[in-house]
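Asker: Given chain A's structure and the hints, the job is docking chain B onto it.
There are 2 protein chains.
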Amino acid sequence: MSIQSFHPPVRTLMGPGPSDVDPRILEAMSRPTVGHLDPVFVGLMEEMKVLLRYAFRTENELTMPVSAPGSAGMEMCFVNLVEPGDKVIVCQNGVFGGRMKENVERAGGTAVMVEDDWGRAVDPEKVEAALKANPDARVLAFVHAETSTGAISDAKTLAELAHANDCLVIADTVTSLAGSPLLVDEWQLDAVYSGTQKCLSCVPGLSPVTFSKNAVDFITSRKTKVQSWFLDLNLVLGYWGGGVKRAYHHTAPINTLYALHEALVILQDEGIENSWARHQKNHLALRAGFEAMGLQFVVPEAERLPQLNAISIPEGVDEAAVRATLLNSFNLEIGAGLGAMAGKIWRVGLMGFASNQTNVLFCLGALDAVLSGMKAPIRSGVAVAAARAVYG
Amino acid sequence: MSIQSFHPPVRTLMGPGPSDVDPRILEAMSRPTVGHLDPVFVGLMEEMKVLLRYAFRTENELTMPVSAPGSAGMEMCFVNLVEPGDKVIVCQNGVFGGRMKENVERAGGTAVMVEDDWGRAVDPEKVEAALKANPDARVLAFVHAETSTGAISDAKTLAELAHANDCLVIADTVTSLAGSPLLVDEWQLDAVYSGTQKCLSCVPGLSPVTFSKNAVDFITSRKTKVQSWFLDLNLVLGYWGGGVKRAYHHTAPINTLYALHEALVILQDEGIENSWARHQKNHLALRAGFEAMGLQFVVPEAERLPQLNAISIPEGVDEAAVRATLLNSFNLEIGAGLGAMAGKIWRVGLMGFASNQTNVLFCLGALDAVLSGMKAPIRSGVAVAAARAVYG
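As you go down the protein sequences, you meet chains A and B in turn.
Going by our numbering, 197 is the number at position 197 of the first sequence; the sequence numbering is gapless.
Every position in the second sequence, counted from 1, becomes a number in our numbering once 1000 is added.
Bear in mind the hints are in silico, worked out from the structure with no lab data behind them.
In this text the structure is predicted, and so the values were computed from the model without any measurement.
A hint or two may mislead.
Derived DSSO-like pairs (lysine-lysine); straight-line CA-CA distance at most 27 Å [claimed, not checked]:
1) B:K1225 <-> A:K225
2) B:K1223 <-> A:K101
3) B:K1126 <-> A:K213
4) B:K1126 <-> A:K225
5) A:K223 <-> B:K1101
6) A:K49 <-> A:K87
7) B:K1087 <-> A:K223
8) A:K87 <-> B:K1225
9) A:K101 <-> B:K1225
10) B:K1101 <-> B:K1126
Excised from the complex, chain A in its bound form (with noise of 0.2 Å):
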């Protein structure tokens, strides 16, 4: 057996994530390793716990990054939030209310859901009826940001609807923050998880989350045991919680958290409004590219995210053939179909560093290219143009 280093191919990442990570980034990341309990890492731990209140517009004391992906971020709100025998209200729109399902379950909870088509935004009247039918439901949980699907809902009607019937709000937002407006506090949503490797074009690997204090009063007087060790916030708090003496509860993945921290101050930087509105402005220029290539969007304008597009795949066309072609000839990743739309739709991400107007033109340049190529049903030559005229 011999096995060489692994050196990878400079992609350029506009799936659903991860996206293109920042080059400063990537090299804060590789700074020498200090160790967990060393003051100036708490130093940094503690500028992490401001830095995220600041993404996520919360005044939040507990507000920090769990230390694994968005998948255990989405488990620890779950797990802390239900007990056994609760009924919680699950809205489900595309793959991942699917999963808060099997959360809500495995946590021996009981889920209400309300469906929706994957593609729409969850229907603020349909939750209602939900929450009347069910005046036991403990919580509320939706997914701000569908990745599945692109399609955003609204969160603040939704969370408005939940605390008129003394529900929490469990809120994913793992592709929203940092790339549609997501104001926790004004919307009051207790619990919300996201995850670094989407709008924040940070690597994978960790879960900002941030809890309310009415979540925070809930968890800290539970009747049962969290039935997980690592995610249980009555011990993640002494590790996290501020103060100088901190309690000893794992061992936190310290660069990759260098990489977060890096991500989070070229965020304040740049001002979170600005993001929001980069996000807008370079999704407005992929729509004209599509648009004039006569690709067709899967949600509805209103309900749309800009960083992540989801569009029809044209008559004909072998979708899979269409990716790999990007990948190897172009370097270039866009995303597939997830669940029920699998082979369906493409997925392509605008998120964080990856939103910019080069890969807007590139992006829409090589899918030109490709899809004129196998004489697919688009017009062809005009996209690049179209959306070089949207930045003026």
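Answerer: Just chain B, lined up with the frame of chain A:
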């Protein structure tokens, strides 16, 4: 608010982990991110499994890194192998046995504790007695190398006793992997977890695990669902299990996996027996220095881990002040005691890349200088030469 980029000092890490990271590994981690479904990344995953099998000395098909720290690796072993109502015999001779008990109970099992003094190996006679007294026990769990005390236990004998009583074996090898002989197949360990930030001298954040066929057979025929979605091996198998078509489970921490791959290539190139021998050689040199100074080891010689040297604090010495001076004036981190050992011992790690002559001599010289300066009851000025003599 304006927070700046984080530039850590360059420390020498000789605590209980993280240990010094090889610069090759830091560089590897900063290579360009690719997608987690990219064929080149799938190739890396396949190589990773081969390299981990080499490190664990196993042919186990299910051998992979968990996308989270060692604590999550521990939890993966327990939540998959323990069903509600199961009885588990847990050996405790330090902090981590107590954490195992927590894991058993949160998975709905009953833990039968076998207690040994902290700083001593697990006593096989006590384990045999516990197995006889509990013929309905399904699992035996122990820590191979106790990071909190520096004691190594006889994993082979403990596993034999377990199998003679029809128990599966869960072994914590966080600190032993690559530092001390660990022969997963020969010793018939069924579920084994480790960490990356110890003797692999990689960054923290991943937990290599391996499962025997018997463990996998149990997991795939459980009567109840695994309580954790993120750690359910029945799902993770679809992602890491091999084959061309992978089921999406979560987004792997891609760049951290680059780092682990590089760490394992380094181990492969050195040869694992050479790595074990290097850890032993540097331990002997450090020991010669400590003995020359008059410092006492906590653990009896036959039960001592070469990679984690626990020594008693000399009388009258303010141990926290010593560590603070080493950190602030020497950029040298050594570890404090944990749990019942807090305030009583120091833990000096010689792990992976950090297990080298320079670190041994630097640490001894620094400790000599600081303790002499405090007029501690040690023999001064002899430790470095005594250690150097061991290298010949």
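Asker: Does each hint fit the structure? Answer for all of them.
Answerer: Going down the list of hints, with the structure as the test:
1. B:K1225 <-> A:K225: holds (19 Å)
2. B:K1223 <-> A:K101: Since the Cα atoms of K1223 (chain B) and K101 (chain A) sit roughly 20 Å apart, the hinted pair holds (cutoff 27 Å).
3. B:K1126 <-> A:K213: Cα-Cα ~47 Å, so violated.
4. B:K1126 <-> A:K225: violated (30 Å)
5. A:K223 <-> B:K1101: holds (20 Å)
6. A:K49 <-> A:K87: violated (31 Å)
7. B:K1087 <-> A:K223: With Cα atoms ~24 Å apart, K1087 (chain B) and K223 (chain A) stay inside 27 Å; holds.
8. A:K87 <-> B:K1225: The given pair, whose Cα atoms are some 19 Å apart, holds under the 27 Å limit.
9. A:K101 <-> B:K1225: Judged against 27 Å, a Cα distance of about 14 Å means the pair holds.
10. B:K1101 <-> B:K1126: Roughly 17 Å between the alpha carbons, so the hint for K1101 (chain B) and K1126 (chain B) holds.
Of the numbered hints listed earlier, those contradicted by the structure are 3, 4, 6.
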